[in-house]
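*Asks:* Line by line, the protein sequences are chains A and B.
The first sequence finishes on residue 255 if you use the working numbering, and the numbering steps up by one all the way, no holes.
The second sequence finishes on residue 412 if you use the working numbering, and the numbering steps up by one all the way, no holes.
Since the hints were derived computationally from the structure, they do not count as laboratory data.
Fair warning: there could be bad hints in the mix.
Using 25 angstroms as the maximum straight-line C-alpha spacing, the simulated SDA-like pairs for lysine to any residue come out as follows [said to hold, decoys possible]:
| hint | chain 1 | residue 1 | chain 2 | residue 2 |
| --- | --- | --- | --- | --- |
| 1 | B | K229 | A | F172 |
| 2 | A | K85 | B | D264 |
| 3 | B | K320 | B | A339 |
| 4 | B | K229 | A | L254 |
| 5 | B | K309 | A | T84 |
| 6 | A | K85 | B | V170 |
| 7 | B | K281 | B | K229 |
| 8 | A | K85 | A | Y243 |
| 9 | A | K85 | B | E258 |
| 10 | A | K85 | B | G235 |
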Amino acid sequence: MATMVALLHRDMRVARRELKFFFLRVGIQPILFTFIFGFVMPRLGIVQSGYANALLPGILALSMTLSGMQSVALPLVVEFGWTKEIEDRLLAPISIMGVAVEKIIVGIIQAVIAGLFVLPLAWLMMSTHLNLQPENFLLLLSVALITSWLFAALGMVMGTIVEPQQIGLMFNVLLGPMIFFGCAYYPWDGLRVLPWFQKFVLINPLVYASEGFRAALTPQLPHMPLWLIFGGLVGFCAFFTYLGLRQFERRSLD
Amino acid sequence: MEKVIVVENLQKTYKPKSRKHSIEVKAVDGISFEIDRGEFFGLLGPNGAGKTTTIGVLTTRVIPTGGRALVDGLDVRRDPVAVKRRIGVCPQVNNLDRSLTGRENLLFHAEYFGIPKRVREQRARELLERFQLAERADEKPTVYSGGMAQRLKIARALMHDPAILFLDEPTTGLDPQARRAIWDLLRELNEKGQTIFLTTHYMEEADQLCQRIAIMDKGKVLEMGTPSKLKAGVPGGYLIELQVQSADGALNSLASALPAVPGVVEVKVQNNHIRVYADKAEGLLANAMRVAGEKGVVVTDAHVSEPSLENLFLHLTGRSLRD
Chain A
2 MATMVALLHR DMRVARRELK FFFLRVGIQP ILFTFIFGFV MPRLGIVQSG YANALLPGIL
62 ALSMTLSGMQ SVALPLVVEF GWTKEIEDRL LAPISIMGVA VEKIIVGIIQ AVIAGLFVLP
122 LAWLMMSTHL NLQPENFLLL LSVALITSWL FAALGMVMGT IVEPQQIGLM FNVLLGPMIF
182 FGCAYYPWDG LRVLPWFQKF VLINPLVYAS EGFRAALTPQ LPHMPLWLIF GGLVGFCAFF
242 TYLGLRQFER RSLD
Chain B
90 MEKVIVVENL QKTYKPKSRK HSIEVKAVDG ISFEIDRGEF FGLLGPNGAG KTTTIGVLTT
150 RVIPTGGRAL VDGLDVRRDP VAVKRRIGVC PQVNNLDRSL TGRENLLFHA EYFGIPKRVR
210 EQRARELLER FQLAERADEK PTVYSGGMAQ RLKIARALMH DPAILFLDEP TTGLDPQARR
270 AIWDLLRELN EKGQTIFLTT HYMEEADQLC QRIAIMDKGK VLEMGTPSKL KAGVPGGYLI
330 ELQVQSADGA LNSLASALPA VPGVVEVKVQ NNHIRVYADK AEGLLANAMR VAGEKGVVVT
390 DAHVSEPSLE NLFLHLTGRS LRD
């Protein structure tokens, strides 16, 4: 346990040192998005003024998922594949699973920080009519935590599979479709008009995160039923956690 | 003597990763040895001999496929976390934490091992001073020279006061001066009672530092003992190498005539290369050259070397350590 805390201490020290880059990385995309889609385009009449309401929860989901994923995947790709730095952590007196779980916790913490940073930012810029009821606060909290965990675990899967020279490929081939098919920029309920597409996107874990934040922040608008949201989040979370830990152990031992 | 490491019939076979390369690789093929507390033990062998795999098993990073390995009485397979508490490891690759400064590398490492703050700060100061890193302790190791990075890796391995220090090829790629500095350091540590397990493919390094050496090749331990005992194991001790030019017949008659030369113990022929193992004797080389002349063999090059681990390895495997 003390070793786990020490490993967390190390990762937090490093993260704190790179804090300004962290905020830049986390903040720039939502700012651009909210400016164009939430401010410019409604004034041009291209999107309806209510669009910002649908957009904000999606932007929040996107920022948290990308942060959680990157903060686990990128260091792992480099440490396993290139610098071999991971050996330093693996020699600490803790089980390999302990090291892996610590990495996921770091991802969760970074995703939550990203969420805390982006939510008020987007809220201010879009001046949307968020409808955060006290009874929905618990919902928001649980969606945020499971989402962070899910994508930290997915980050571990990717970080242990992808080779350093394939990082660019990972962003284009995997993250691109995930973001565009993730219901971050449009509500899942609206896909009713394209039934095959509505079913198809269910293989994308980001859909459940976006819809989860919609259910918590703008419950007045149509969203995916809660049972499906939590079913998807918990299911994918368990799957990626299992796969990520197994893959981490496989890469750590010869 | 108390045994710190016990290895019994240790094996590691790597399964083929894909169907294309369907050959199993026996990296370690049933080796056994024991190391006493306080000993400086070396594993000497060429690249690919299985040294790093052996160290990998002993430091819990590689799971053996057979046999047993105990570190400080603990089975490395059954109790890896407890084993990690007792070992300090300086691996072949530079696995220093590049996001931290030199000093932080030491401090965080000690923190992982639960060493109280005041103790670890004190110890880091002492080690940085002793390893001549104090001046640049607050820079990141990415700007260190090879020798500095290596010293920092050793210092880090010592932060939690391990029962055994493992060093995998600690001076590979260093210039002679940096190598000497590391040697002095290791010798000093061992004199203070630190048990050290070292792998190397420099026979000079093993010869200079180790109290006992195991010579390893192709996953097997070929010979084990003190450097002087091992060197005495080369027949005759002295080695004459002759590079020759001749027809096969002449070469063979030379090979059969050479053992009659006073002092010669053993003769081995490999292509146009003859190795003569011999006792130290007056006129040895001159006599060998004379016989070659009589048999009509032209000697293009001749080389005499003193008893060495290099010669022993050559004798055991027919190959040079540097091959």
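*Asks:* If you test the structure against every hint from before, which numbers come out violated?
*Replies:* 1, 3, 4, 5 and 7
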